[in-house]
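Colleague: Whenever a hint applies, use it, and build me the whole structure from the sequences.
Residue numbers (my numbering), protein chains in the order written: chain A, 99 to 983; chain B, 99 to 983.
It is possible that part of the hints are untrue.
[Said to hold, decoys possible] 20 Å max Cα-Cα, derived SDA-like pairs, lysine to any residue:
no., chain 1, residue 1, chain 2, residue 2
1, A, 571, B, 733
2, A, 576, B, 737
3, B, 749, A, 574
4, A, 755, B, 569
5, A, 900, B, 822
6, B, 749, A, 734
7, B, 749, A, 732
8, A, 925, A, 913
9, B, 749, A, 735
10, A, 925, B, 913
11, A, 699, A, 802
12, A, 576, B, 733
13, B, 925, A, 913
14, A, 755, B, 547
15, B, 280, B, 260
[To be verified] Here are some of the chain B residues that sit facing chain A, going by a computed Cβ distance under 8 Å:
no., residue
16, 734
17, 762
18, 764
19, 767
20, 772
21, 857
22, 858
23, 880
24, 887
25, 891
26, 900
No lab work stands behind these hints: they were computed from the structure. Since the model is a prediction, treat every value here as computed from it, not as a measurement. A virtual CB, placed ideally from N, CA and C, is assigned to each residue, including glycine.
Protein chains: 2
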Amino acid sequence: MKTGQHVFPFEQGDKSMKSLLGGKGANLAEMARIGLPVPPGFTVTTEACNQYLRQGGGLWPELKGEIIENLNLLEQQTSRNFGGEQPLLLSVRSGAVISMPGMMDTVLNLGLNEKATESLAVETGNRRFALDCYRRFIQMFGDVVLKVGHYSFENVLTEIRQRKKVKTDAELNEADLEQVVKDFLDLVHEETGNEFPTDPQEQLFFAIEAVFKSWNTDRAVVYRKANRIPDDLGTAVNVQAMVFGNLGADSGTGVAFTRDPSTGERKLYGEYLLNAQGEDVVAGIRTPKPLEGLKKDLPAVYSRFIEICDILENHYRDMQDIEFTIERGKLYMLQTRTGKRTTSAALRVAVDMVKEELITKQEAIKRIEPHQLEHLMHWRIDPDAKKDIIASGLPASPGAASGKVIFDADRAEETAQAGEKVLLVRPETTPDDISGIIAAEGVLTSRGGMTSHAAVVARGMGKPCVCGCDELKIELGKGRFYIAGVEYSEGEVLSIDGSTGQVILGETSLIEPQFSDEFHELLGWADEIRRLKVRANADNPEDSRLALEMGAQGIGLCRTEHMFMAAERVPVVQKMILSSELKEREAALDELLPMQQSDFKGILKEMVGKPVTIRLLDPPLHEFLPDRENLLVEVDRLQREGGDAEKLAFKEELLQKVRNLSEFNPMLGHRGCRLGLVYPEIYRMQVRAIFMAVFELLEEGFPPDQLKPEIMIPLVGHRGEMEMMKQLVDNEAAAVFKEQGRQLSYLVGTMIELPRACLVADQLAESASFFSFGTNDLTQTTLGYSRDDSEGKFLPFYLQQKILKENPFAEIDREGVGRLVEIAIEKGRLTRPDIKLGICGEHGGDPSSIEFFHAAGLEYVSCSPYRIPIARLAAARASLYQIEY
Amino acid sequence: MKTGQHVFPFEQGDKSMKSLLGGKGANLAEMARIGLPVPPGFTVTTEACNQYLRQGGGLWPELKGEIIENLNLLEQQTSRNFGGEQPLLLSVRSGAVISMPGMMDTVLNLGLNEKATESLAVETGNRRFALDCYRRFIQMFGDVVLKVGHYSFENVLTEIRQRKKVKTDAELNEADLEQVVKDFLDLVHEETGNEFPTDPQEQLFFAIEAVFKSWNTDRAVVYRKANRIPDDLGTAVNVQAMVFGNLGADSGTGVAFTRDPSTGERKLYGEYLLNAQGEDVVAGIRTPKPLEGLKKDLPAVYSRFIEICDILENHYRDMQDIEFTIERGKLYMLQTRTGKRTTSAALRVAVDMVKEELITKQEAIKRIEPHQLEHLMHWRIDPDAKKDIIASGLPASPGAASGKVIFDADRAEETAQAGEKVLLVRPETTPDDISGIIAAEGVLTSRGGMTSHAAVVARGMGKPCVCGCDELKIELGKGRFYIAGVEYSEGEVLSIDGSTGQVILGETSLIEPQFSDEFHELLGWADEIRRLKVRANADNPEDSRLALEMGAQGIGLCRTEHMFMAAERVPVVQKMILSSELKEREAALDELLPMQQSDFKGILKEMVGKPVTIRLLDPPLHEFLPDRENLLVEVDRLQREGGDAEKLAFKEELLQKVRNLSEFNPMLGHRGCRLGLVYPEIYRMQVRAIFMAVFELLEEGFPPDQLKPEIMIPLVGHRGEMEMMKQLVDNEAAAVFKEQGRQLSYLVGTMIELPRACLVADQLAESASFFSFGTNDLTQTTLGYSRDDSEGKFLPFYLQQKILKENPFAEIDREGVGRLVEIAIEKGRLTRPDIKLGICGEHGGDPSSIEFFHAAGLEYVSCSPYRIPIARLAAARASLYQIEY
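Modeller: Okay, structure coming up:
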């Protein structure tokens, strides 16, 4: 490579030179280098493009000189003459480093003018072919280089077809094409004010400049911004001798994948057309034939093609997407690149290639983006089913579901218990609706966004959810709703697709998620590689079982409040909360104890041998009470209408208590360990329930070292909180052990979810044996964002304005929240070098966040069961990429 | 000082040995050392006490030896014999390093038994006196050493007085006293089971042990805990030869302050009694005479006393509180210590002593605790006025006020405008009530605590406030309230004392706050010393003027939202908020522009020459809308009762908008710059109003370099927010400058009130010229405490349990919030070494927090006008103490 060299013949390049030659150019050079049949050509580099753009346009003499030099070389290689006898025709194609729509694509047959066309006619013995090439060239060049509207050319063709009463251009004869050429040249003159350039060299320079300029079209700029592609990459230009697939029955063109891109099966998959150019395939006038047909049509070409596909796959060590042309029985490769594929195919290809010893397990893991696995994890709508889509909202939690529309959590529960499928439909959901969400197949709301309560809870439970469906108007009190003006009644059956946001009328047939052998195999390899453990956020035995199936190594977050939400428990919980005396409250807690105990027993039994982190009660107590607004209206009505004085008195008192407990900012209110400190009897009951559950299991014969409760104190911010809570747990444990006459081992730790907790982590670690980062709340406090509010208000705007690169509730904010996590780790280890560290916020299931947690040195991440496979893969990739840095 | 020496004769000590000899002992030694007449004695050290307590009791032989040795010395010095002829009598007093109630105080006349009493009788020629000494000794020793109940002795005396038909003990004759002594000895035997100890040495050892043990009485332990006095200080014991003030008309006892402790005036202030012991003064049977009387009674003693007072003041360089006894014409000093005084007196003494060249200005400043100044800052209830106290609540904001009870903000405003004084009385207040609080003289609420909305806002405005008055039951709708079952109507006149929490029926006469010359003089010295500047939080010209009077050097926080709250503006603000289209909103903003402009003009004019930091709109928009609950009930009524369909439709729409804007956690919601980004037109209007105001002032002839607006962007957490907001301000500024044909200088900076802002302060400093720490919100987010909620719920419990040492909203949490402040300063200076740094949270007026901000290197603190003097003094003290560290 010469200094300042801006043009490279294919022989001088290779696949490592992508950033200089673009993807297409580098691969053409590579194919030429390894001896595959590639029509000769050269590439003008991305650096030339950048220099061109920097200096504000104009090809400079040195660059022109280099191009002409390479053109001469090309004439020698092909024994043809650019613009002369046996004319050399060129294709000119853009080729960016990262493939990008919106840029100039291709000009074919460049180099033709009247004289060259006649030479071509003589040479091929086919004047119609030559004229057709010429009119195609004028049309493409006129369109993409001279910016004469595409439709103007089409109008000319339409007119002549109508005049000649034919349907396709192929039916036009020589004379017709002569007329077309003339009309095209006139059209260009008329629209641009200039004659169509007849000097081939001038044509080439024009085309190269056009490619350069196309880097900065509006569409290209927008696309780069949206996809965060740097603006200074530039595009290369590939100039290549034309080969013709339309020179008769022994010519043709086609595309192929070396494996099936939808299943990954190892068999060639592609199509071809004889006597056609690439654009004919695209135009869709003739239907291409499956690739196997070529075996019969042109056996020698077919077997050579098979051979080349093998070479390419072995060479590139990945499934290839190939374009080829056959000119009079000779095969030419026009492009090869890594083939796009479905997630299933990607898994199969990767696993197969490991078995074929083409790639290593590590490479296989790097080839699957963790996010891709999401597609496999959910029920889907049968793609072949008929769908009556009546509205659409935000795709808030993936998967599909059908069910009877129910507006109310209690009725949703009843209906589900009666064996019917339910879709919970509400303007928005609140913690009051949890039992309804649990009972429902899916959730549909008219308000709220991707991080609304409904969305967050549904994602946590792996239930499909469509949110913020504006077209849906619900009249809760009247039992009806409207979509696009049409009235429906509660009880109507709808389906939702939480992956697309579609709302569908009636029941739809669904496809169950299925996991292939390759899926399990690849994740098995990931397990060998990763250092981070993966636990599950699960609150009941069913979820625990699911989590185990997904590969969980324990439970990282068991939220005990969800256990309080079941319909039959709510009255007891409310009794407990509304107690004005300790005795009364303790009596209610005594009722709750066996319920909690049986919950814990179920979970611990599923997780025998694995650690189970149980978080003591966290939400503010008012979340368990009746809705304040409903109560207010009820009281007002009773007051005004008179009548049942006793009921009024009761409701007034209830309202008063709801008011006393209600908070301006419940997120920052009386919750977490603040509850445990003020109402220690609640936490004592929970601790007792945990240990009693363990003793029950011991009696059933489970070995004590296989039951590993880790008791987690939420929302700790001060040393004293942790000390007092640790003491409470230890005291209650000691009491139970004494009653049972036997000691158990257990851990007490804390959730780290406040900035202050991070800053004084050294103090907390004095009494906490583990930290589990609650990154949901830590994000809320560090950024000052209420998760329940921000989505509908400023978050979408922030993302759109790029103030935020990502939703911080989905991907961890490394500079803010991440920095606090690092501080906490460092400080925690100062006091307790072996402190156990994990994370149980929703970020535990996000690949980018997992990369961060791996680097930060955590022991485990915990996420909802359906994200465990993603986390396993992401953790493995984090290990692999970290080693390479 | 010998190694292991545990007993020091007065001659060996001095005032620097307080921690070893206790306060009293060190001062006795000091007085002896400088030649003042102190009865000889010795001190058993605090170390002896600690060793005694460590080893669980028992005086050890070496210690006993030292005591006996010193006793022998004392016999020589006094030429008296302990327990013999011319008996040596002792006083034994405790003397801790920090004076502490709850510990054993004093035993007098120790050393008496039957034999010594008779010797004393012979020596003094006054057997009645000797017997009286003996019975006093038995009584005191019995009470404080032997723990025989005080009342048992009193009963004996009462009985004999009744029998003898006399009123006082002084009327008992020799025989009576002989009987009393006998009865006392029997009583001790009866109650303790032992004979009263007659061996003087034994008496002394008993007494010393009793003092040691009293260090750990329950009361003493509780007191130390409450006052954070370390438990390992221990107490010393002072053993001193008795002198007698009750040996006739040339004997006496008294106390004196070297200056007037209530005004600080430089004149001796004290009282004395002739022929009396100290306890007689305390008992209050005889009325002591003003000290001047001594001049006539005992002129030589008097002039000697004057002389000694001068010596002591000059020696200690502070006002002294002195105890003395005169024994047969000879003056003895029994104690001297720094005298307690009122705030006014403290100021006067300090300033006078500087003028007398007794102390330096620096010392004067160290002598005034900043908190003391609070007492001077408020209207007080005339202490001589009659008060009918009918209830009491929390003293939430100091000062006193009287006014008509009004339940509603709007009516409060109307009533005040009609010229009547108003007391806003509500169950609790919300931001809706701001205009009412502004209009009212003071605020009284039945709910909420020291950090409730009412309390915080009232403190900010310097209005008196009593919160959480449980006894007050308000029936808002019925225009009446109840206190202790008595019904009152709205309109009743009440008074409140926000310094004590008292609620008083009717109007009360009030005393205006007045600032003495000394107040101004001392603060002037503070201004010379302090490095920290002090600015004010002020939102209108009146407050600005007040702030200047208080010594503000600028405005650190002008909250523009308070300007939106005035009654005539609220409709325009609501129109702006409820606009569904930009045009509509801009029209409403056009109406607001001249109002804001005139607000800013007024403030900037007051503050000419000083910087004014104006914060752009901060609170969520729903704070300006009608109350959601009221609206809900109204809509429900209209819906059920039918009737005015148009009104219903309007209210329904309004409710819908209120609902759309309402938030689960408004503190973490759509506020601050999040508003400015989504509705840039609001901020643009405000910026325009600021600069237009400056141009108006320029036209009035004010010089441009004297008008210094600093525009502050609230709630920034991300670099992009600051960049975009800076751009908005600069653009609008440029537009106004272009219209006006003239440039102005200004600053743009941000409030730092989110943990994330601290962690990325380097990024924010790229576009922010200043940081002002909003420590209120930073405390809320760092600790995860909602200020509006935590007070009534867990905060009092946390303080009581010592999980929190201080209310973090009053005194900055150094480990959490403070650490973030330090991080932000460090990072901000990385990018912009000369970045302007201040703090405008309420902590800006708290002395301990100011000390922290000084050390952290801020340029200024900003606080409410009434706290400025406190801040000025605290800042000076921070400078002084930092230098000394």
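Colleague: For residue 571(A) and residue 733(B), compute the direct alpha-carbon distance and say whether it is at most 20 Å.
Modeller: 19 Å, holds
Colleague: Quick check on the hint: residue 857(B) CB to chain A CB, less than 8 Å?
Modeller: 5 Å, holds
Colleague: When you check the alpha-carbon spacing of residue 749(B) and residue 735(A), does it fall within 20 Å?
Modeller: Roughly 18 Å between the alpha carbons, so the hint for residue 749(B) and residue 735(A) holds.
Colleague: Residue 576(A) and residue 737(B): Cα distance at most 20 Å?
Modeller: The given pair, whose Cα atoms are some 13 Å apart, holds under the 20 Å limit.
Colleague: With a cut-off of 8 Å on the beta carbons, see whether residue 764(B) makes it to chain A.
Modeller: 7 Å, holds
Colleague: Mind checking the alpha carbons of residue 925(A) and residue 913(B) for me, to see if they're no more than 20 Å apart?
Modeller: It holds: about 13 Å lies between the C-alpha atoms, which stays within 20 Å.
Colleague: Is residue 925(B) close enough to residue 913(A), meaning Cα to Cα at most 20 Å?
Modeller: Holds, at about 13 Å.
Colleague: Restraint: residue 734(B) near chain A, CB-CB cut 8 Å. Satisfied or not?
Modeller: 5 Å, holds
Colleague: Min Cβ distance, residue 767(B) to chain A: is it shorter than 8 Å?
Modeller: 5 Å, holds
Colleague: Tell me if the interface restraint on residue 880(B) is satisfied: Cβ within less than 8 Å of some Cβ in chain A.
Modeller: The hint holds - residue 880(B) has a Cβ within 8 Å of chain A, the shortest such distance being about 5 Å.
Colleague: Using 8 Å as the Cβ threshold, decide whether residue 891(B) counts as touching chain A.
Modeller: 4 Å, holds
Colleague: For residue 900(A) and residue 822(B), compute the direct alpha-carbon distance and say whether it is at most 20 Å.
Modeller: Distance ~11 Å between residue 900(A) and residue 822(B) Cα, so the pair holds.
Hint compliance for this structure: every hint is met.
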